[in-house]
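Protein chains in written order, with my numbering: chain L, 1 to 143; chain P, 1 to 143; chain V, 1 to 143.
Because the hints were derived from the structure by calculation, they are not lab data.
One thing to keep in mind: the hints can contain errors.
Identical copies carry no separate label here, and so any pair may be met within one copy or between two of them.
Said to hold, decoys possible - With a Cα cut of at most 30 angstroms, we get these calculated BS3-like pairs of lysine-lysine:
hint: 1; residue 1: LYS102; residue 2: LYS26
hint: 2; residue 1: LYS112; residue 2: LYS102
hint: 3; residue 1: LYS101; residue 2: LYS112
hint: 4; residue 1: LYS101; residue 2: LYS24
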Amino acid sequence: MKQVMILAFLSLAISATAQQPIVKEKWHWDQPLKQDTLAGYVQVVKVDNVLYISGAVARDVTPEGIAQVYKALEYSLTSNGATFQNVVKENLYTTDIEAMKKYNEVRKAFYKGDYPAATWVQITRLYMSDAKLEVELIAHLPR
Amino acid sequence: MKQVMILAFLSLAISATAQQPIVKEKWHWDQPLKQDTLAGYVQVVKVDNVLYISGAVARDVTPEGIAQVYKALEYSLTSNGATFQNVVKENLYTTDIEAMKKYNEVRKAFYKGDYPAATWVQITRLYMSDAKLEVELIAHLPR
Amino acid sequence: MKQVMILAFLSLAISATAQQPIVKEKWHWDQPLKQDTLAGYVQVVKVDNVLYISGAVARDVTPEGIAQVYKALEYSLTSNGATFQNVVKENLYTTDIEAMKKYNEVRKAFYKGDYPAATWVQITRLYMSDAKLEVELIAHLPR
């Protein structure tokens with residue numbers, strides 16, 4: 001308890017020093033709001049020359065589901081002045097890696113032979129209870 | 001075996017070329033050491049104008065547990081000249097996404113309506129055997 | 001369906017605006033190709049002064065397996081003008097965190113007392129069906 005109070009005090013003391021906001025550009029499917037205020041996230045945050053892109057999802061790890069995910073990512077990229085050429089890192093989360101490997105050609109077509117660093121892991125579930133695939137990206141724009 | 005020896009030789013040869021260290025600023029709860037030498041990690045690494053923030057954890061995915069995680073992150077941010085406004089990416093790992101969704105308002109209050117790109121996944125366990133929630137962040141400072 | 005067509009149209013319209021490619025340097029074990037065109041990924045992408053390093057893997061979470069992962073990462077780093085001193089973020093995925101904690105000294109030796117921000121999670125499986133450990137890194141080079 002004492003610790004918590006000291007921590008709270010220190011927090012206030014440090015917060016009192018001037019902190020400068022950064023310039024972020026947000027992009028979301030729902031243009032006017034530019035973020036999902038219900039779940040509390042943004043599809044794309046642009047800061048400096050970097051795009052942080054939230055996971056795009058699909059309900060099935062099928063050619064259709066995979067295409068849906070990468071089309072959503074493609075749209076997230078092109079809407080922010082980038083293409084898959086700009087992608088430097090991919091993190092793929094799925095409940096079924098075997099299916100993802102089976103239909104990887106669908107994913108690979110989007111990269112047009114120019115691949116990023118990538119890590120794939122199989123997890124137990126995603127945000128939506130029926131989602132089975134989620135892919136997030138980091139992309140760099142020219143400086 | 002041969003491969004390993006060639007690899008070891010190449011490693012040495014390449015290591016021999018001058019490599020320049022980067023300037024990192026570390027921050028950890030335990031001020032004097034500035035890192036956890038037992039587990040081998042640092043709570044916050046500042047490099048260039050970026051803060052890489054290790055996962056903060058809680059034992060329960062309850063309003064109290066979630067508040068504990070985000071207070072720890074808030075402290076990690078403010079101690080390094082940032083606030084949640086500086087957060088551009090959130091990765092949330094939990095053993096119970098349903099509970100996290102149920103109490104998301106507690107998390108959202110910390111962002112004050114200004115959300116980052118975010119990906120949530122449900123995993124089977126975390127570093128501490130009894131932890132159920134871990135959240136890591138990337139924050140940018142003004143250049 | 002209508003939505004999809006509108007989306008396709010907007011995509012084309014946005015794609016029509018000039019997009020500038022970024023300069024990426026790729027590094028892969030298989031030097032001539034500089035990427036794995038079968039799985040569709042690159043071991044290391046260098047962009048600006050950042051190295052995005054794909055997960056290195058091992059079949060067993062034993063001292064030998066852990067050493068194998070970190071030797072592969074060390075080689076990925078030194079081949080790109082960096083060392084573990086340049087690592088700012090580590091994400092470790094394993095099917096057995098308890099074993100990883102047991103043999104953490106093997107991992108720690110590679111960092112030589114200079115640790116990064118790190119998050120470890122236990123997942124159900126990795127890309128290769130028999131892999132049990134995968135570690136990915138972000139490293140910064142001097143600007």
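One pair to classify: LYS112 and LYS102, alpha carbons no more than 30 angstroms apart. Within, between, both, or neither? within (18 angstroms within a copy, 40 angstroms between copies)
Under a CA distance limit of 30 angstroms, which applies to LYS102 and LYS26: within one copy, between copies, both, or neither? Classified as between; 26 angstroms across copies, 34 angstroms inside a copy.
Is it within, between, both, or neither for LYS101 and LYS24, if the alpha carbons may be no more than 30 angstroms apart? For LYS101 and LYS24, the Cα distance is within 30 angstroms only across copies (26 angstroms; inside one copy 35 angstroms).
Within, between, both or neither: LYS101, LYS112 at alpha-carbon 30 angstroms: Intra 17 angstroms, inter 37 angstroms, cutoff 30 angstroms: intra-copy only.
Hint violations for this structure: none, all hints satisfied.
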